[in-house]
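Hey, can you work out the whole structure from these sequences and the hints?
Going line by line, the protein sequences match chains A and B. Under my numbering, the residue at position 116 of the first sequence is numbered 116, and the numbers go up by one with no gaps. Under my numbering, the residue at position 2 of the second sequence is numbered 2, and the numbers go up by one with no gaps.
Accuracy of the hints is not assured; some may be wrong.
[Claimed, not checked] Now the in silico label distances, taken between C-beta atoms and shown as ranges:
1. G53(A) x M59(B): 34 to 40 angstroms
2. R81(B) x M41(A): 20 to 26 angstroms
3. A17(B) x K71(A): 25 to 31 angstroms
4. K69(B) x K71(A): 17 to 23 angstroms
5. L51(B) x P61(A): 28 to 34 angstroms
6. M59(B) x M27(A): 16 to 22 angstroms
7. E58(B) x D26(A): 21 to 27 angstroms
[Stated by the list, open to error] Here are a few chain B residues that sit away from chain A, every Cβ distance over 10 angstroms (derived from the structure):
8. E31
9. I74
10. R81
Since the hints were made in silico from the structure, they are not lab data. Just so it is clear, CB atoms sit at the ideal spot from N, CA and C, and this is done for glycine as well.
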Amino acid sequence: NAGVTQTPKFRVLKTGQSMTLLCAQDMNHEYMYWYRQDPGMGLRLIHYSVGEGTTAKGEVPDGYNVSRLKKQNFLLGLESAAPSQTSVYFCASSYTLRDSHGNTEAFFGQGTRLTVV
Amino acid sequence: DAKTTQPPSMDCAEGRAANLPCNHSTISGNEYVYWYRQIHSQGPQYIIHGLKNNETNEMASLIITEDRKSSTLILPHATLRDTAVYYCIVRVSGNTPLVFGKGTRLSVIA
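Shown next as structure tokens:
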């Protein structure tokens, strides 16, 4: 049981390049989330998904796209990277209230450190 | 979701109880209080949550005031490994994403 796994752990991109961050969870969670964390700040929600095939915008969605083609995977894409997207990205997953049996905690991955130069 | 207010930083001596306050004066009746912590840029870790009763688990205790406008997370015997940023979050349980503030940076001192 690996929990939430993020790939890659580190990446350096040039401005204008594209990339996809992969989040995989093996806990059969319905909900998945992508956050970014800038130095000295709390986490900010980029996009989230309440189930396979669904996505929704969070606080800071501009410049990012997401897809949830399979329940266990949530992909975060940067089409044209900018230096302002230099950050640490965290993925998380959780049960829905209906399926939680009282356990509504979110589980987080270890983060992807992205630098855009 | 209701907003929360936490002190930016606190110190605690190793072995003593760490009491981390959180103000959530606009909390609604169906909103829970959640606590997470983040150790040195790792992914946040769930600690505890509650609605109106006090809660305790193997990690911590959560004391919620009777009017629910504030709460305190208690780490009964803080260790150096408890040094982290602690986030107090108010949300409708399970069906809304976690919204993080800046949290409280707890430093446990030997």
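Hints versus structure:
1. G53(A) x M59(B): 34 to 40 angstroms: With a Cβ separation near 36 angstroms, G53(A) and M59(B) satisfy 34 to 40 angstroms, so the hint holds.
2. R81(B) x M41(A): 20 to 26 angstroms: 23 angstroms, holds
3. A17(B) x K71(A): 25 to 31 angstroms: Violated - the Cβ-Cβ distance for A17(B) and K71(A), about 42 angstroms, lies outside 25 to 31 angstroms.
4. K69(B) x K71(A): 17 to 23 angstroms: 39 angstroms, violated
5. L51(B) x P61(A): 28 to 34 angstroms: Roughly 31 angstroms apart at Cβ, these two residues keep to the hinted range, so it holds.
6. M59(B) x M27(A): 16 to 22 angstroms: 20 angstroms, holds
7. E58(B) x D26(A): 21 to 27 angstroms: Holds - the Cβ-Cβ distance for E58(B) and D26(A), about 24 angstroms, lies within 21 to 27 angstroms.
8. E31: 12 angstroms, holds
9. I74: 19 angstroms, holds
10. R81: 17 angstroms, holds
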